[in-house]
Amino acid sequence: MEHGAAATACPSDPALAPGSLAPDFRLSHPRNASLSLSDLRGQPVVLAFYPPGWDPSRGEQIAQYNKILTQLPNLHAELMDFSVDGDWYDLRFAREQMRLPFLANPSPQPEIARLYGAEGREALFVIDSEGVIQWSCCAPVGMPPKAEDLLEALRSIAPQPKEETAAPKASRMALTRRDFIAATLATAFALTLGAHAVQAEPEATKLGATPMAPAIGVSGGDTMPITLTVNGAAHDLQIDPRATVLDALRERIGMTGSKKGCDHGQCGACTVLVDGRRVLSCLSLAVAQQGKQITTIEGLAQGETLHPMQQAFLTHDGFQCGYCTPGQIMSAVGLLTEPVGPEDADVRENMSGNLCRCGAYPNIVAAIQDVRKANTNAPV
Amino acid sequence: MHPFSYRQASDEQSALSGVSGQPGAAYLAGGTTLIDLMKLDVQKPSQLIDITPLPWTKITELPGGGVSIGAMVRNSDLAHSEIIMTRYPVLSEALLSGASPQLRNMATTGGNLLQRTRCYYFRDITTPCNKREPGSGCSAMDGYNRIHAILGTSKHCIATHPSDMCVALTALDATIVTRGAKGERRIPINEFYFTPGDHPERENVLEPGELITAVELPAMPFAARSHYRKVRDRASYAFALSSAAVALDIQAGVIKGARIAMGGVGTKPWRALDAEKALIGKTAGPDAYKAAAEAALRGAKTHKDNAFKVELAKRTVIRALTMAAQKTA
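Protein chains in written order, with our numbering: chain S, 1 to 380; chain F, 1001 to 1329.
Keep in mind that the hints are not guaranteed to be accurate.
[Unchecked claim] Below 20 angstroms or equal to it, Euclidean Cα-Cα: the simulated SDA-like pairs (lysine to any residue) are: (1) F:1044 / S:263; (2) F:1044 / S:21; (3) S:292 / F:1055; (4) F:1304 / F:1146; (5) S:292 / F:1052; (6) S:260 / F:1040; (7) S:292 / F:1008; (8) S:292 / F:1057; (9) S:260 / F:1053; (10) F:1044 / S:223; (11) F:1044 / S:338; (12) F:1182 / F:1026; (13) F:1058 / S:275; (14) F:1327 / F:1257; (15) F:1044 / S:222; (16) F:1282 / F:1304; (17) S:292 / F:1305; (18) S:292 / F:1257; (19) F:1044 / F:1005; (20) S:292 / F:1011; (21) S:292 / F:1010; (22) F:1058 / S:277; (23) S:292 / F:1053; (24) F:1058 / S:338; (25) S:292 / F:1056.
[Unchecked claim] Here are a few chain F residues that face chain S, going by a calculated C-beta distance under 7 angstroms: (26) 1036; (27) 1100; (28) 1105.
Because the hints were derived from the structure by calculation, they are not lab data. C-beta atoms are modelled at their ideal positions from N, C-alpha and C, and glycine is treated no differently.
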């Protein structure tokens, strides 16, 4: 371990100075095989490196988090503890009934710490939603960054408030609870890297960390101006071509009704209608949807009047935890316009692309059949 | 996902010129395979040419009784097309047995032809795979290979071709129409795919930048008596462990013509010509179907976890033939 490094930003590696693109890397883990840093593009990420043996459930780590939390107005969250559940840590908060799972045991990837010049040091990198490092701090082990510094950096990457909801709140910052969760989750994900990242194992370079052409020089990261029409309203976005419709909806437009389940077209939680047909927003590039009409779960109700399918799901209790429900409902609305036989079995077959881990299937089928029998053709 | 630049092609010419001389460029159609594999870093195009605006969205009758299907026709539209349902029911059934309604609304005819294998090792960049990284080795060979192929394999690759649609097209003797630097090509589907051999990374005869514009089905009156049978681990929304696309020409109880192709068992959509021959002139019935199934699986080579596929595939063929024969032509 080096103990002599200065407790400021890392001047030794110009690639990692604020303003440069964060090098991409890949986290290989049996339960999260495909997570790359670039997958988190579109949301702020705090990447942290800690020495081996770092234990997030230690009192001082929790205190560190709480220091940050207390400075966030309107959040009222107090982190109580981290508990280990198999490969995952759960973060438990006092007043909020939130449990944030995060990976506790990724394979050792010292290569990543090396990419960031953070070997043998505690380091923090605040990366904005475009993947650019906005702030960094690199210090000897045992000298964590000041909470105020991190908070300031978090504030700098918080999304701007939307024009529509411009009602100026007294709040002195634009960070919402959701934004903070995203950041915390990302932090959590990133922190866990650190637990192993500095175990300099010379031979351990076979990992999934194809050190992605140090993303610094890659010009393909350029964004494009597009207009997405969602529920009848046009949204002008400057967007990375890699962004899916799902990410654009959730992270840029602020419509979080469409859910990210598998992100690989296998679960249906992200189902939306494009030009009236049900499709998977996680496999659709946002840049390819210009001129098309996107309908999401937010666009179904007419004011306070629910779409018949939404009402039927309520009436028949067609959900338990609710996570798959927006996808189920959008898929069911799409089904109404397709040639589908009259039987329950036909509905099951034609809803097979929407998985429900709670097993609410019988009630989902009943809800859909109800709407079909009522032959309701509410405008979509 | 690796960064890429994106451009929409306004017409065929701009699509072709967008890709020519760009080794990292790829066409984007429905995206159901490509975007998935890009998220996994299995495919890393530096440039995407979106061809979905191209106008190949029609299903048209050809003089002589055949049908031309535009490359951009969505799987759901093809499956529900009246002409396909009546003249080539096997194709409609195959399409509807594949993926989910959402994916079928996205996936195109041309894209489905180029669907990539579901071999877990191909999709996992942390493991060796000759198809993804030539020369790195095959993880499936001595790994978990329950879903892998038993026909057309080589010592370098045993990945299964995943498509249902292509199995039906293979049984129907489809022709793939392409456009490239050298003009138009018409490729019989039986000559379109390669078995892995020494080069699992080469999957078909398309030249770089060559674009599929249409698929043509020949006139085949007896294909009205055709059927697709698919066997999988769950009742719906799963890839085939074994499938069979069959068409039967039965006259006065005697088989005059037959088409059999198999899915889930081959490294490409597998035409069973020997099985077809075994049926000709035979009385339609269990004995003939059984003999055909035996012929279809002759030469099958199994691995640790997929030996069950031999018997399963035979039964799939027998069941498909039985069901097709019960249809009124």
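Hints and how they fare:
| no. | hint | verdict |
| --- | --- | --- |
| 1 | F:1044 / S:263 | holds, 18 angstroms |
| 2 | F:1044 / S:21 | holds, 19 angstroms |
| 3 | S:292 / F:1055 | holds, 16 angstroms |
| 4 | F:1304 / F:1146 | holds, 8 angstroms |
| 5 | S:292 / F:1052 | holds, 12 angstroms |
| 6 | S:260 / F:1040 | holds, 16 angstroms |
| 7 | S:292 / F:1008 | holds, 14 angstroms |
| 8 | S:292 / F:1057 | holds, 17 angstroms |
| 9 | S:260 / F:1053 | violated, 27 angstroms |
| 10 | F:1044 / S:223 | holds, 18 angstroms |
| 11 | F:1044 / S:338 | violated, 35 angstroms |
| 12 | F:1182 / F:1026 | holds, 18 angstroms |
| 13 | F:1058 / S:275 | holds, 18 angstroms |
| 14 | F:1327 / F:1257 | holds, 15 angstroms |
| 15 | F:1044 / S:222 | holds, 16 angstroms |
| 16 | F:1282 / F:1304 | violated, 36 angstroms |
| 17 | S:292 / F:1305 | violated, 46 angstroms |
| 18 | S:292 / F:1257 | violated, 47 angstroms |
| 19 | F:1044 / F:1005 | holds, 11 angstroms |
| 20 | S:292 / F:1011 | holds, 19 angstroms |
| 21 | S:292 / F:1010 | holds, 16 angstroms |
| 22 | F:1058 / S:277 | holds, 18 angstroms |
| 23 | S:292 / F:1053 | holds, 12 angstroms |
| 24 | F:1058 / S:338 | holds, 19 angstroms |
| 25 | S:292 / F:1056 | holds, 18 angstroms |
| 26 | 1036 | holds, 5 angstroms |
| 27 | 1100 | holds, 2 angstroms |
| 28 | 1105 | holds, 5 angstroms |
The structure fails to meet hints 9, 11, 16, 17 and 18 from the earlier list, while all remaining hints are met.
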